[in-house]
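Undergrad: Top line first, the protein sequences correspond to chains A and B. Numbering of the first sequence is given in the numbering used here, commencing with residue -11 and proceeding in unit increments. Numbering of the second sequence is given in the numbering used here, commencing with residue 457 and proceeding in unit increments.
Honestly, the hints are just simulated from the structure, not real lab data.
Residues from chain A shown here face chain B by an in silico Cβ test under 10 Å; the list is partial:
1. G348
2. P361
3. A407
4. L441
Restraint-style ranges between C-beta atoms, simulated for each label pair:
5. H612(B) to T420(A): 35 to 43 Å
6. D550(B) to E34(A): 24 to 32 Å
7. R281(A) to G657(B): 47 to 55 Å
As a list, the in silico DSS-like pairs of lysine-lysine whose alpha-carbon atoms are at most 27 Å apart:
8. K357(A) to K603(B)
9. K153(A) to K143(A)
10. K378(A) to K637(B)
11. K357(A) to K558(B)
12. K603(B) to K558(B)
If you're wondering where the values come from, they're calculated on a predicted model, not measured in any experiment. All C-beta atoms, glycine included, are put in the ideal place defined by N, C-alpha and C.
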Amino acid sequence: MTFEGGVRAALADVQLRGALRQATTLFGDRRGTALASVPDWEGARERARAIKDETLLHLDRYLEQFTSSAERAGARMHWARDAGEACEIIGRIGEVLGARTVVKSKSMATEEIHLNAALARRGIEPIETDLGEYIIQLAGETPSHIVVPAIHKTKAQIAALFAEKLGIAPTDDAAALTAAARQALRRRFAEADIGISGVNFAVAETGTILILENEGNARLTTSLPRTHIALMGIEKVIPRFADLEVFLQLLPRSGTGQVLTAYQSLLTGVKRRPEDEGPDELHIVLLDNGRSRMLASPVTRQSLACIRCGACLNACPVYRQIGGHAYDSVYPGPIGAILTPQLIGIERAAHLPYASSLCGACRDVCPVKIDIPALLLHLRAQVIEQRAGKSRLLERVAFRCYAAVMARPRLYEWTMRVARILRIVPPLPAWTKWRDLRPLAPRSFREEWRVGLRDEGVS
Amino acid sequence: MRVSLFVTCLADQIWPSAAIGAVRVLRRVGCSVEFDDRQTCCGQPAFNTGYRAEARALARRFIEIFEAADADAIVSPSGSCTAMVHHYHDLFEDVAWRARAKAVAERTYELSTFLVNRLGVADVGASFAGRLTWHDACHGLRDLGLKSEPRRLLRHVRGAELVELPNAESCCGFGGTFSVKHPEISVAMLDEKVEAIEAAGVDAVVSGDASCLMQIGGRLSRRGSSVRALHLADVLASTA
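For reference, chain A alone in the conformation it holds in the complex:
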């Protein structure tokens, strides 16, 4: 579906809009309350950003350090240039192990590489175990939010889905719905050959990966099956274990408005003694997929500071109206509008930088202070320069004329005067269908200035 089509469908969906308004307001309010418990929120943002900037400047070094630390702890490391390579690496591991089913905890990186479809093609069944992801997998949909994948669904819709797919009696009791999902998933955990997770942070000095979650499903995914595969973008690495302190203050508060998520799993390598918990095999797949391109310039580099909290989605007035699916992008909302064009190429996502009113609410809430509006403007300039996306012939001509007229004050004044006298109204049905268009003033300011304002009451 085109962006315009997706937008129209979303705006016409009363249930979707109700769900979005409720959820984004709730998360925004909760975030506000949670911030208050940090004595110096601005200072924490500054520190986090400084850590990210420093890491990204020396990413090669920190990745090598992380790789050797993780290998020392027993992990096997894999490097994937793009989505295809990452799917191939993970699929091969599955085939070698003769895996039939894998359980997955929530991971946007696996969405980015379309891992589920790749596994299914190899005859390996992926099962999402995060409740939201499980819901959308049952519904045959994609996540519409990077933290709350089923944010677009109402409780009634989920109840109907579970009644149909899980064969339970229709109920609007959230606890009963959750229990039904848990029961269905326990069996899948027990029989799974592999657990696949994402990574929130990867510590270079210790080789530790950190996974934040609220349901315990990520802990089961990473400890119950004998093999754990963790997929991480190369930007997830941070230098020191102590750096987690600031990120753990920022991420849960920004994302779900929690002081801390219910579970924080710090995983270092494989299990060492038989009585330990953890997998026998740990594979860590490092994914580039366009990220190293973003390192090239300081403007685009900040995109890699993102910790995927989702605060910008909740704060975005555009996302609030249209939800995630309309963007037609794995990563929706403001962060998606800057990430996706850089990941998949501007010509394939030229609409995204324009899916914003540039209000700046995203920049205000970003815990690592990414200047999203500046990046949107940067990408818009790229769209125009590279002639990406749809033809903008009329727009190009219009801006040429605009610039030519505005560079000549007399021409500007006469153009406007003629338009006013002849009552030439620009043909803007996109405006006038919903809004009255304020007419040109009977006299412009500069005319008022000349006919009396200049000398009025000057003492």
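Mind docking chain B on chain A? Use the hints.
TA: For chain B alone, coordinates are given in the frame of chain A:
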């Protein structure tokens, strides 16, 4: 204090009362006001749509014109266009132009910040009978950090009562070309704003940018609402 007025093309052609009001208020508090009629548009529509070359040409013009102004400050009845001037240096790689852009930006103020922060004035001697609410225009609020200044000025207007909107800081959906590129999203955002304004039981919604006022006012009148859209300078200039 000598002020050079940066009128903005929107105020010039569509909302001249905002610029006229700004001149009168500035004179009332003791400033002399000059206006250089070579000025046109700051280039923001081009910049925001991705047309950097066009924006850069207009930025150069603006810098040259206002460098020539023999004034202590450049003042504009628009937070958005003031913010654009503050972004000018991003348009240039050339060090000399960046420095010139920064020097002009340093002297460029939005009206309410100029009155409150530079001149230390809160009461401009205005009177206006009615219940008012303030809409925070995004670029003024988030790029320039102006939030308390316009409210302070409005609270000192005799006869006016200021009430807060629950979503005062939410975007009205204008966003320049966004309003016509994505009109349905723009109007969905706008309707949340307009519903809150109607629920507030006010006589007028006041803002610091003619662009937001065109958007909000255009929807209010289309809905047959009696709430008026007024520029801050309209209210501050009023002595009725």
